[in-house]
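Given these sequences and hints, build the entire structure.
Listed here are the chains, written in short residue letters.
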Amino acid sequence: MITRRSFLHTGAAGAAFLAGARAAHADTPGVTDTEIKIGQTMPYSGPASAYGVIGRVEAAYFKMINEQGGVNGRKINFISLDDAYSPPKTVEQVRKLVEDEKVAFLFNTLGTAPNLAIRQYLNDNKVPQLFVATGAAVFADPEHFPWTIGFNPNYQTEARIYAKHILATKPDGKIAVLFQNDGFGKDYLTGLKDVLGADKAAMIVKEASYETSEPTVDSQIVTLQGSGADILIIAATPKFAAQAIRKSFDLGWNATRYVSNVSYSIGAVLKPAGLEKSKGLITGSYGKDVTDAKFKDDPGVLEWKAFSDKYLTPKEYIDLNASYGYGAAQTMVQVLKQCGADLSRDNVLKQAASLKALQLPMLLDGIVLNTSPTNYSPIRQLQLAQFDGESWKLFGDIITG
Amino acid sequence: MPSSGASRVNEFLHQLASGLALGGVYAIMALALVMIYQATQLVNFAQGEMAMFSTYFAWKLTDLGWPYWRAFAVTVVVSFLGGIALERIVVRPFAKAPVLASVIVFIGLSLIFNALAGWLYGYSTTDFPTPFDGRPWFGQRYMSAHESGSVLVSLVVLALVWAFFRFTPLGLAMRAAAQNPTSSRLVGIRVGWMLAIGWGLAAAIGAIAGMMAAPIVYLDPNMMAGILLYAFAGAVLGGIDNPFGAAFGGFAVGVVENLMGAYVVGSEVKLSVALAIIVGVLVWRPSGLFGRRIVARV
Amino acid sequence: MTGTAPRTLLTLALFAAALAFPFLASGYHIYQGAQVLILAIALIGLNLLTGYNGQISLGHGAFFAIGGYGAAILTVKLGVPYFLAIPLASLVCFGAGFLFGFPALRFGGLYLALATFALAVATPQILAYKGFDAVTGGSSGVTLIKPRAPFGLPLSADQWLYLVCLACAAILYFAARNLVTSRIGRALVALRDQPIAAETMGVDAALYKTTCFGVSALYAGVAGGLSALAVGFVSPESFGLSLSLSFLVGIVVGGLASLGGMLFGALFIEFVPNLADQLSVTFGESAKALPGAIYGVLLILAMAIMPGGVAGALRSALRWASKTK
Numbered sequence: 001m002i003t004r005r006s007f008l009h010t011g012a013a014g015a016a017f018l019a020g021a022r023a024a025h026a027d028t029p030g031v032t033d034t035e036i037k038i039g040q041t042m043p044y045s046g047p048a049s050a051y052g053v054i055g056r057v058e059a060a061y062f063k064m065i066n067e068q069g070g071v072n073g074r075k076i077n078f079i080s081l082d083d084a085y086s087p088p089k090t091v092e093q094v095r096k097l098v099e100d101e102k103v104a105f106l107f108n109t110l111g112t113a114p115n116l117a118i119r120q121y122l123n124d125n126k127v128p129q130l131f132v133a134t135g136a137a138v139f140a141d142p143e144h145f146p147w148t149i150g151f152n153p154n155y156q157t158e159a160r161i162y163a164k165h166i167l168a169t170k171p172d173g174k175i176a177v178l179f180q181n182d183g184f185g186k187d188y189l190t191g192l193k194d195v196l197g198a199d200k201a202a203m204i205v206k207e208a209s210y211e212t213s214e215p216t217v218d219s220q221i222v223t224l225q226g227s228g229a230d231i232l233i234i235a236a237t238p239k240f241a242a243q244a245i246r247k248s249f250d251l252g253w254n255a256t257r258y259v260s261n262v263s264y265s266i267g268a269v270l271k272p273a274g275l276e277k278s279k280g281l282i283t284g285s286y287g288k289d290v291t292d293a294k295f296k297d298d299p300g301v302l303e304w305k306a307f308s309d310k311y312l313t314p315k316e317y318i319d320l321n322a323s324y325g326y327g328a329a330q331t332m333v334q335v336l337k338q339c340g341a342d343l344s345r346d347n348v349l350k351q352a353a354s355l356k357a358l359q360l361p362m363l364l365d366g367i368v369l370n371t372s373p374t375n376y377s378p379i380r381q382l383q384l385a386q387f388d389g390e391s392w393k394l395f396g397d398i399i400t401g
Numbered sequence: 001m002p003s004s005g006a007s008r009v010n011e012f013l014h015q016l017a018s019g020l021a022l023g024g025v026y027a028i029m030a031l032a033l034v035m036i037y038q039a040t041q042l043v044n045f046a047q048g049e050m051a052m053f054s055t056y057f058a059w060k061l062t063d064l065g066w067p068y069w070r071a072f073a074v075t076v077v078v079s080f081l082g083g084i085a086l087e088r089i090v091v092r093p094f095a096k097a098p099v100l101a102s103v104i105v106f107i108g109l110s111l112i113f114n115a116l117a118g119w120l121y122g123y124s125t126t127d128f129p130t131p132f133d134g135r136p137w138f139g140q141r142y143m144s145a146h147e148s149g150s151v152l153v154s155l156v157v158l159a160l161v162w163a164f165f166r167f168t169p170l171g172l173a174m175r176a177a178a179q180n181p182t183s184s185r186l187v188g189i190r191v192g193w194m195l196a197i198g199w200g201l202a203a204a205i206g207a208i209a210g211m212m213a214a215p216i217v218y219l220d221p222n223m224m225a226g227i228l229l230y231a232f233a234g235a236v237l238g239g240i241d242n243p244f245g246a247a248f249g250g251f252a253v254g255v256v257e258n259l260m261g262a263y264v265v266g267s268e269v270k271l272s273v274a275l276a277i278i279v280g281v282l283v284w285r286p287s288g289l290f291g292r293r294i295v296a297r298v
Numbered sequence: 001m002t003g004t005a006p007r008t009l010l011t012l013a014l015f016a017a018a019l020a021f022p023f024l025a026s027g028y029h030i031y032q033g034a035q036v037l038i039l040a041i042a043l044i045g046l047n048l049l050t051g052y053n054g055q056i057s058l059g060h061g062a063f064f065a066i067g068g069y070g071a072a073i074l075t076v077k078l079g080v081p082y083f084l085a086i087p088l089a090s091l092v093c094f095g096a097g098f099l100f101g102f103p104a105l106r107f108g109g110l111y112l113a114l115a116t117f118a119l120a121v122a123t124p125q126i127l128a129y130k131g132f133d134a135v136t137g138g139s140s141g142v143t144l145i146k147p148r149a150p151f152g153l154p155l156s157a158d159q160w161l162y163l164v165c166l167a168c169a170a171i172l173y174f175a176a177r178n179l180v181t182s183r184i185g186r187a188l189v190a191l192r193d194q195p196i197a198a199e200t201m202g203v204d205a206a207l208y209k210t211t212c213f214g215v216s217a218l219y220a221g222v223a224g225g226l227s228a229l230a231v232g233f234v235s236p237e238s239f240g241l242s243l244s245l246s247f248l249v250g251i252v253v254g255g256l257a258s259l260g261g262m263l264f265g266a267l268f269i270e271f272v273p274n275l276a277d278q279l280s281v282t283f284g285e286s287a288k289a290l291p292g293a294i295y296g297v298l299l300i301l302a303m304a305i306m307p308g309g310v311a312g313a314l315r316s317a318l319r320w321a322s323k324t325k
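Protein chains in written order, with the working numbering: chain H, 1 to 401; chain L, 1 to 298; chain E, 1 to 325.
Keep in mind the hints are simulated off the structure, nothing from the lab. Values in this document were obtained by computation on a predicted structure and should not be read as measured data. Cβ coordinates follow ideal geometry from the N, Cα and C atoms, glycine included. Some hints could be false.
[Claimed, not checked] Quick list of simulated restraints, FRET-style, between CB atoms:
(1) H/Leu394 - L/Lys60: 35 to 43 Å
(2) H/Asp100 - E/Gly131: 36 to 44 Å
(3) H/Asp100 - E/Arg315: 34 to 42 Å
(4) L/Phe244 - E/Ala321: 49 to 57 Å
(5) E/Ser26 - H/Phe395: 54 to 62 Å
[What the hints assert, rightly or not] To spell it out: a stretch of chain H is covered by chain E in this simulated footprint if at least three of its residues, at any positions, have a beta carbon under 8 Å from a beta carbon of chain E; those stretches are:
(6) 53 to 61
(7) 100 to 108
(8) 369 to 379
Structure follows, in structure tokens:
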């Protein structure tokens, strides 16, 4: 039975709710009753254009969501602009998105330097910079940059996990490191040295870097082998990782090899390097690689397949960057769902910082996303895996970094 | 073990061999640059991306199941024709424009080929077949069969280019057309076509460079960017008007860069240092090691 | 020389429009305007070297980087005010350019192209070199604080910075104008067109060419410093090869040996990439991969329509107009 009192109560609450929603609209840029505007910058041109696929996949995913009616009745209007991986251009495009397009927030903007360039501006203006597409550790800093949230498992965490595994399995080993000469590669060195500490720092007997403009890293691998190391850590992007794997095998170097999970794709790294030559590699994985036969009938992979058959090309289906974008877009949609009717920037940030054990189809079983006001690294779990010549064999527990 | 003399020598030989293997690719690419330079006195900055595009074409053919050498030959022919077409359609209209306008056109072309390849084939690293499969040659263990094969190919290309300019009437006509177009026209050389053929030959040689490079560096749209830089450096170092010099320069750059990185300055700045050395050599010998000194006419 | 009066008028009108712009446009457009002015400064510098003196440089991004990092390090790490930091940083650029001018003396066109190309390629690497991490911030770069308008002027940081850029651009434009119309300018052009004759006439080639390199680098340095302030961030990735190449594109599209044309060159390299990005969408969703190719096509088309750059096209248009009059 509805009493008059309770009726009044709900009525008042409803009115307050409506008023609240209307008020929220007034000060929620980018949000109308039918639409939410999300902005992004991506390197569609220039030296990093390989990553442009991430933005294309995300656009396709949001298109699918819109075809299904959007989120809470709102369509996603996703504006992704080219910044050519040039920080001045990123600033320009982000200001255009915020000031001209009046987007609600930024999502999955790509690259360490471009994100660093816009971080201060977005935090000053209290615009959420959600799930930045870089594994640099500096983006999980809620204390100083509360409006910036990371996404990728960060490189330092990954390196720490390798270092711990080395200390547990080969405490007397001699480590050689191949790293890309930029923030990405150097984060691995930092993570390794963190764990080894001052007393074990000498375990790293040789470091060699490469530039992305170099044709090969063969020479670096020869140098690293010459150091007498019996452990090789490959902190490299796919092409260079494949070269390193092949060359270290061809040299007859019998080292325990760890490869960054940026480069664990069987199709794009291990197959070009040679499956036989890749045997024994260790990585810290968190995603599913569709070129790994063991995921053939995995429900998550089938879901991804169904999506990519409809919206993408076959070469994008096997691209790890593409399935990465798929996961990021799903996370975004989850946050929007959690927001309900309140799409103010405050609430979007609050919801992005309160993901609870979110499962994504393209993440390994058991790996979940968690965020909190003090934890801005959504994916911080990895599981070690070893390549047996055909497929990655997971071993050990899921490790939270 | 690391300090033992024998393993030091071993490491040194490995560095040398991997430098030579890549140097072979630089050498072929440098010869492609020489071709266009001989014909037009310009360095084609789009050469690398053109070569990459040809390599994707070859990859597509082998992916369709064509035998390697047939795909190789067809790619070289198609690249030759493509180079001619490019010259006639895109580059020719700028013949009378300032030199730098042509350079800008090259930059535009390289952007187009790079983005087009990414769009058509994706950016994933792909392996590329080699005809020189199997065990390393001559029982050594410093160079893979493919690396030895590509060094051999680079020497063959060099011999062909040299013979072409030295012995064939077409080669002589091309050199004449480049050096003195007015007089060449008077003796009946079709200067315009010579330029187009220069482009065609350069594209064909570039395609060979790409197909030799791809099994070593893997195929992706950015694979030739670094190679072009080193080939350019090699060509200028050896003397860009001289096929022998250019090829030698290519090999030299491959080896010097490796040895610098491994033994002298470390890997972090080896590219900068290698380039600085080349610039240093040019200060000492401004027309390259084997280049002809150009005497200005007043 | 009949065009002098209308030309002055045009310059003044443009300047007035540029001055009014920050009070009419929104913050983001003001930022774009500042970028255009900054690029125009760098292009004027490069054009002095390449257009007037005939020395090609594919590596002016390096001097731009020195200016940018100089301004960043001086203001952030050493607490120098920005209005001193930029002149200081650009003086360093002058020195660097002057010194680079000496080996450059030894090479002709192609060799200089290689040397400067090498410089452009090496720049990001040197900036990221770990030995300099303490000052350069390594791969993470340096974040700057945007300068505010002084004396309590009622201007936003964007407006103020734009006006600073405009003042710099105007001063440097007139300085360049005076330079090229002076005896020195004629000597530079003579060294480009008739080097041997010029030297016979007593032009000190070495001095003029190295100084020209230095001045050109100084312009790039001012531009780099202003850019660091406007963007609020410098990192090795900000100064890659593509920056140097875009400068070259800018001077050729704007018009070699033209100073006013550099405004158009700057507009081209600032806005045409954005246009390419927008156009790519019209080719369907997967064509988001194509902005690079579309930019390339637009570039070639621009050269085909205006082989002498915008300035060349304007010149021919004026000539045609005066003939038909």
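Hints, one by one, checked against the model:
For H/Leu394 and L/Lys60, the Cβ-Cβ distance of about 36 Å falls inside the hinted range of 35 to 43 Å, so the restraint holds. Between H/Asp100 and E/Gly131 the C-beta distance comes to about 42 Å, which sits within the given range of 36 to 44 Å. The hinted window of 34 to 42 Å between H/Asp100 and E/Arg315 holds, with their beta carbons roughly 36 Å apart. Separation of L/Phe244 from E/Ala321 is about 55 Å and conforms to the stated range, judged on CB atoms against 49 to 57 Å.
Separation of E/Ser26 from H/Phe395 is about 56 Å and conforms to the stated range, judged on CB atoms against 54 to 62 Å. For the stretch 53 to 61 of chain H, the stated coverage by chain E is satisfied: 5 residues place a CB nearer than 8 Å to a CB of that chain, which reaches the threshold of 3. For the stretch 100 to 108 of chain H, the stated coverage by chain E is violated: 1 residues have a C-beta nearer than 8 Å to a C-beta of that chain, whereas at least 3 were required. Against chain E, the stretch 369 to 379 of chain H contributes 0 residues with a C-beta closer than 8 Å to a partner C-beta. That does not satisfy the three-residue criterion, and the hint is violated.
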